[in-house]
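Engineer: Listed below are the residues making up each chain.
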Amino acid sequence: MLIELKNVSHIYDDDLKGTEALKDINLRISDQEFIGLVGHTGSGKSTLVQMLNGLIKPSSGSVIIDGVNITGEKTSLLGIRRKIGLVFQYPEHQLFEETVYGDVAFGPRNLGLSEEEVELRVKEALELVGLDYEEFKDRSPFNLSGGQQRKVAIAGVLAMKPEVLILDEPSAGLDPQGRQQLISLLEYLYNNKGMTIILVSHRMEEIARLSNRVIVMSEGEIVFDDSPARVFSEVEKIRELGLDLPEITEILWRLNGKGLRVRTDIFSLAEAVEEISRELRGSSKC
Amino acid sequence: MLRNITIGQYMARDSIIHNMDPRIKIVITIMMITALFFIDSFSGYGLFFLSVLVIISLSRIPLLRIIKGLRPVLFLVMLTLILHVFFTRGGEVIWQWGFISIEAEGLYTGFFMVTRIVLLIIFTSLLTLTTSPLELTDGIEYLLSPLKRVGVPASELAMMMTIALRFIPTLLEEADKIMKAQMARGADFESGNIVKRARNLIPLLVPLFISAFRRADDLALAMESRCYHGGEGRTRLYELKVKGTDFAALGVALLLCMVFIYF
Amino acid sequence: MALIELRGVDFSYSEMETPVLKNINLTVEAGEFVSIIGGNGSGKSTLAKLLNVLLVPSAGEVIVDGMNTADEENWLKIRQKVGMVFQNPDNQLVATRVEDDVAFGPENLGIPSPEIRKRVDKALEAVGMEKFKDNPPHNLSGGQKQRVAIAGVIAMEPECIVLDEPTAMLDPQGRKEVMETIHFLNKEKGITIIHITHFMEETVGADRVIVMNQGSIHKSGLPLEIFREIDDLKKLGLDVPLVVELAHELRKKGVEIPAILSINELVDSLCS
Ligand SMILES: Nc1ncnc2c1ncn2[C@@H]1O[C@H](COP(=O)(O)OP(=O)(O)O)[C@@H](O)[C@H]1O
Ligand SMILES: Nc1ncnc2c1ncn2[C@@H]1O[C@H](COP(=O)(O)OP(=O)(O)O)[C@@H](O)[C@H]1O
Ligand SMILES: [Mg+2]
Ligand SMILES: [Mg+2]
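Protein sequence lines, in the order shown, are assigned to chains A, B and C. Using my numbering, the first residue of the first sequence is number 1, and each one after it goes up by one. Using my numbering, the first residue of the second sequence is number 1001, and each one after it goes up by one. Using my numbering, the first residue of the third sequence is number 2001, and each one after it goes up by one.
Looking at chain A on its own, in the form it has when it is part of the complex (with noise of 0.2 Å):
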């Protein structure tokens, strides 16, 4: 699957200063990526991936979807959406049926399944995000905690089967253990599953480690669109945004500035690591 973003600009109907959410975008996003998408608040994230599943349309440009202009008056945004899952920030506000399993059953539905196949979906989908199905399914989502509320919400999205998961900041709020297991699942969706996965996130360490393709938005424009390497080398440039370096990348440039000469494109703990002891020995201390 094709996404592609042609001289996209969006302005908001009320915003009374008129300016651009987006300025001439454009983005091309093929299979089998996993892209994490940074950029201060308000630098246009979210109208970027809204714009990707015919949320927003743009003022100006075109969204081409496997070669369709999705922005034309006639297109099936269903078509798209199912294609294409966005989970929102704080999924599990939308929740809102009595139990887990109508809950997550809401969009396979929409998509006119049977109801085998829909239940089919239910269960990968809870599976997926670690959910039991049997414990799960006939409780009411608004018991579970925060946590599990989520992975519900998750999972909602994950049973339209989607090809490109994009996920607006998703482990806002989240304590460490629930973060660690969104990252594996994110893992195990873009390993095994072969999605495309778009991850909105401040968390730099998660976007360094996770994606193979970084893009940083400021102020409506995308400044950079490069491997995470590259990208996160510019340090100067990603201090000016007002945006953190992964801790690593951090802690390594310090230690190469004080002569430490440490490699800085690494993102890993263990690699990194491996990397200051073995430099370490070689020179003992600096």
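Fair warning: there could be bad hints in the mix.
Stated by the list, open to error - Incomplete in silico selection of chain B near chain A, CB under 8 Å:
{"id": "1", "residue": "A1175"}
{"id": "2", "residue": "K1177"}
{"id": "3", "residue": "K1180"}
{"id": "4", "residue": "M1183"}
{"id": "5", "residue": "A1187"}
{"id": "6", "residue": "R1197"}
{"id": "7", "residue": "L1201"}
{"id": "8", "residue": "P1203"}
{"id": "9", "residue": "I1210"}
By construction, these hints were calculated from the structure, which means they are not laboratory data. Note that beta-carbon positions come from the ideal geometry of N, C-alpha and C, so glycine has one too.
We have chain A already, so just place chains B and C with the ligands on it with the hints.
Structural biologist: Chains B and C with the ligands only, in chain A's frame:
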């Protein structure tokens, strides 16, 4: 899409009218509207209209803005006119077609009522255009406070109004978000007949209500932790003060009302 | 005398259920900065609510500045002394204008208008929000809203502020603003801070870290002491700051590093 919504129709300006005490403005509005119902001639309306014009020019609110404010009641105005013109009998027959007729009395009463409605709307909207919701709430609270003795919870009512004003934009924004989230799951809010559409709103309304209740819960806790314990013993950052202009305005309004009533 | 003292406190939301808090003993001295961490459902919020009498214990007692929370007479005084800031920035601002919101607490205390004016201005200045005093809250960023909420508490001139995950819903910028604000209030204004958080990095500047687990205080100590036992924390579903973990792993590799909590300390100790 709903981020910049303004509540009420307050237009901030620096004018005599804006700077008046909200309580006095509310009292004057009530007086003038009551007087309006005593007026029984078009010349009386003429005088009333003249005073409205004076207030408008003092308030620095563009006339166009006030005319625009009449749009929502256009239907009501037309309906009143039509009902009177066709169904009020009496006086000379001006036009007749079969059993449908327009008579002088109907025409007169029709226009009379319409003028009254239009003046009424203009005068009340002058109040809301020149008084911020906050001041209005304060004013209403104060004016209702004598009723506390008979059990009317004036301060609590005013607090409720303030909270509603505070949360309307938040909830509208949330509604927008939930709607989009359900659309992303294939929900359809736009097609189908009325029954189907109403049913399709469930995925929007349920989360919205739940969220409103959760917010209410949170807010109640937050208020309690900040020592809220009802209106008793509460002081205010801004205390309302009646100034010279307020008394003058009140005097003029009284005079005008007497004129209207005895005219 | 300690500012806050909990003695053998139990708490359950309903009589049938197992207690949410079990035998909590805790003292907080005036001027301390205490961080509380713990997994979801470990009872942190419940504990916080006991401190300014949004809840009263089922057993044991909570004493604030010599006043027992069991005595209803004391409630307003205790709530004035111990202010509270909650997680959701949208759900704790009451008024339609920033300064009216900050005035809300003092108004409830029946403070005369000119004095409220002074307090509001001072409080807004302390959190750096004086420029926004006429704004409606809903147009502010999350971090700004939380700072207004903090100002609302400061205007009551409390001795202690309890913050229940005030940064959980904020972006990094907002988190930084809030953390700087509460450290400033602690250092410069001498206000006691009790700060509940899921972000381990936010606890490194604290005087003391308390770890909650399943309704009990699992551990309490200096940040350095707490984060020394990484495996123990991980068992509770908690993290340690990444630098701490890195230093820990390096030590396993034979690199000599003293106990550290921040990137600066790590870099200095490696390259001194
Ligand atoms: N529903 C909306 N109505 C009006 N303006 C909006 C709306 N949503 C976002 N904006 C504005 O568009 C810009 C980009 O916002 P957004 O896409 O939400 O950024 P991000 O997700 O990166 O924080 C901001 O200036 C924001 O204020
Ligand atoms: N209002 C309530 N009624 C009943 N049980 C509650 C209520 N609030 C919290 N609990 C329960 O108390 C336990 C501790 O919750 P809480 O203090 O909120 O923990 P934390 O803040 O550490 O996540 C949880 O098991 C939770 O389900
Ligand atoms: Mg966003
Ligand atoms: Mg909590």
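Engineer: Each hint should be assessed against the structure and marked as holding or not.
Structural biologist: For each hint, the structure was consulted:
no.	hint	in the structure
1	A1175	violated (11 Å)
2	K1177	holds (7 Å)
3	K1180	holds (5 Å)
4	M1183	holds (6 Å)
5	A1187	holds (6 Å)
6	R1197	violated (15 Å)
7	L1201	violated (10 Å)
8	P1203	holds (5 Å)
9	I1210	holds (7 Å)
Going through the hint list in order, the structure does not satisfy hints 1, 6 and 7.
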